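Undergrad: So in my numbering, spot 309 of the sequence shown is number 506, and the numbers just go up one at a time.
Watch out, some of these pointers could steer you wrong.
FRET-style restraints, in silico, Cβ to Cβ [as the list claims (entries may be wrong)]:
hint: 1; residue 1: G326; residue 2: M264; range: 20 to 30 Å
hint: 2; residue 1: G459; residue 2: D700; range: 50 to 60 Å
hint: 3; residue 1: L668; residue 2: Q616; range: 18 to 28 Å
hint: 4; residue 1: P476; residue 2: R352; range: 30 to 40 Å
Hints were generated in silico from the structure; no laboratory data involved. From a predicted model like this one, the values you see are computed outputs, not experimental measurements. From the three backbone atoms N, C-alpha and C, an ideal C-beta is built for every residue, glycine too.
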Amino acid sequence: PSVLEACAQKGITRVMIESAGYAEVGEKGKAIQERCIAIAKEGGIRIWGPNCMGLVDIRNKYFFTFMSPLIYEDGLIPGKISIIAQSGMLSAAFLADLMSQRTIGISKVCSIGNKADVDECDLLEYLLGDTETDVVALYLESIPRGRLFVEIATRATKPIVVLKGGKSEAGARAAMSHTSSLSGNSRLLDSVLEMSGIILANDFHQMVDLARTLSMIPDVASTCRTVMLTFSGGAGILSCDLLERYGLTVAQLTEKTIGALGNIFPKWMPASNPVDLYPAMELHGRDPTYNQTISIVLEDPNVDVIIVHYVAGLSDQILDLNAVKIRADSAGKPVLFWLVGRREAVRSFRLKAQACGIPVYGEISRAIECLSAVSQFKVWETYKKDVGANTSALNEYEAQKAVLRLTKERVWDEYNSKQLLAEWHIPVVEEKLVHTLSEAEKAAQDMGFPVVLKGLLPGEIHKTESGLINLGIATQPDLENAFQKIHKKLGGQGLILIQQQIDIDYELIAGFIRDDQFGPCIMFGLGGTLSELQQDVVFALAPLKRAEALELLRRIRAKKLLEGFRGMAPLNQELMAELLVNLGKLGCAYSQIEQIDINPVAVTKGFPMAVDATIILKSASL
């Protein structure tokens, strides 16, 4: 702290603290770090760190780190990828691995450590405006300003790849509703980041491969119709399986292309996609076959991308990679290589391909995975332009400072919860509170059998497990039986709710949660009593725009169910989107609300309706 005070006295406004011994070591270190922050704020100083490796700018040869600059100068290749890493030594070890490969071009590496002041939001915003950066890759263990991070990413026109550590649910607050227990740290985080157009990685090497591909292939047609040129039939079969798994298209070659390939293939083996090159190689040699085939296929209007399966080191023949790159650029279609072979030959080929700007992969799965990321980024680029950021919408609702009607309960019962939902134009099932059997009988006559009886106890969310629900009550005697049973279970403490029983095709779930990092969020997915077992849910920042709500519907695994399944009517997606939009507005308008859980949202003949709901207030609201 004393050094920082001296900096303030000298008018120094930028300080990098690389040493450890701060918040990461416990309370004593945390106190020192907080003292440094206070001095910095008072003196107008921005702090980078502490507990970090600093900054390396490869292109401009700036080395603000305690490691020797010679290490970086000798190993790293200048490029257009910038990396932000929260871990110090991990980023150093990772850089050493990159240097040994020499197959990725780096612009800047930012190790931010404890990020006491300057954090990923500051650096991401800077790098997105940096002309020397085309792609930003981040390794993060926490995102305290999560909502701001997502808003910056939503505005981005450059690809962002994130590897997030610390995804376990240990330490997460105890779940009080389906929405909270389904959110989990990683599920909510992944959904919200993906909804902003961020590409997620599972490990460091995948993060680098994704960033490298996005840097080398800045554009690809959204159709991503792909041709596989393989060294064997088995490789082609495996490739087609993977293309389908990642949502890419196996291109259909035109008759003109098939005819042109017929001039180099034997008549007994006509060409089709995937193109098994081995028979043609037997006639013309390996690399001449590759060169001719690549040239022919690049001219096909039905083809957007070519992936070449190549074995390095089989002969002295050398594929002219420069010529391949020139032809690919001229056609506006990327060519990727799936490379196998002897280690020395593979390394030599990789370095030559890197110099030419051609991406190379050791596994076909990684090649297709990265190609899918490029295609995904182009789709999201268009989507984000149409949707835009929703910051102003949240501010608008928060500015209302609406106040909920007074209640002594933190957990609202189903009836009161749905009363508020209905006020916000969320469709709810017909129902009535009853106190006596005669009231229940009259309500059943008005609604028409069959009906449902529910017991409402203060703080009770999971009524099924507590035996407080009776379904399919079709007669007067059944109603009397069910009423007496629930009345006994309640012991005079709760209320009884009677509902019209509706025919349900399937059940969905919708929720609102006020997350510590990302603020107000909406959840959508498969619902019912098995919702926590299925865990097919997605999240987005609230409030939602209509386009964002519709996108949520497309992102669950069971999206085909919503399109109509086994004779069921397709979901009216406009109505479901409207429900999610209104739910987001409701949650954002009342700052006292912590969670809203609508489970199930019953779908009948395509129409969604809230059948059960719970609203949970913040503790301070009591």
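Undergrad: Please go over all the hints and tell whether each is borne out by the structure.
TA: Hint check results:
The hinted window of 20 to 30 Å between G326 and M264 holds, with their beta carbons roughly 27 Å apart. Taken as a hint, the range 50 to 60 Å holds for the pair G459 and D700, whose Cβ atoms sit roughly 59 Å apart. The hinted range of 18 to 28 Å is satisfied by L668 and Q616, whose Cβ atoms lie roughly 22 Å apart. One distance hint, 30 to 40 Å for the beta-carbon pair P476 and R352, is violated here, with the actual separation near 51 Å.
When the structure is compared with the earlier hints, a violation turns up for hint 4 alone.
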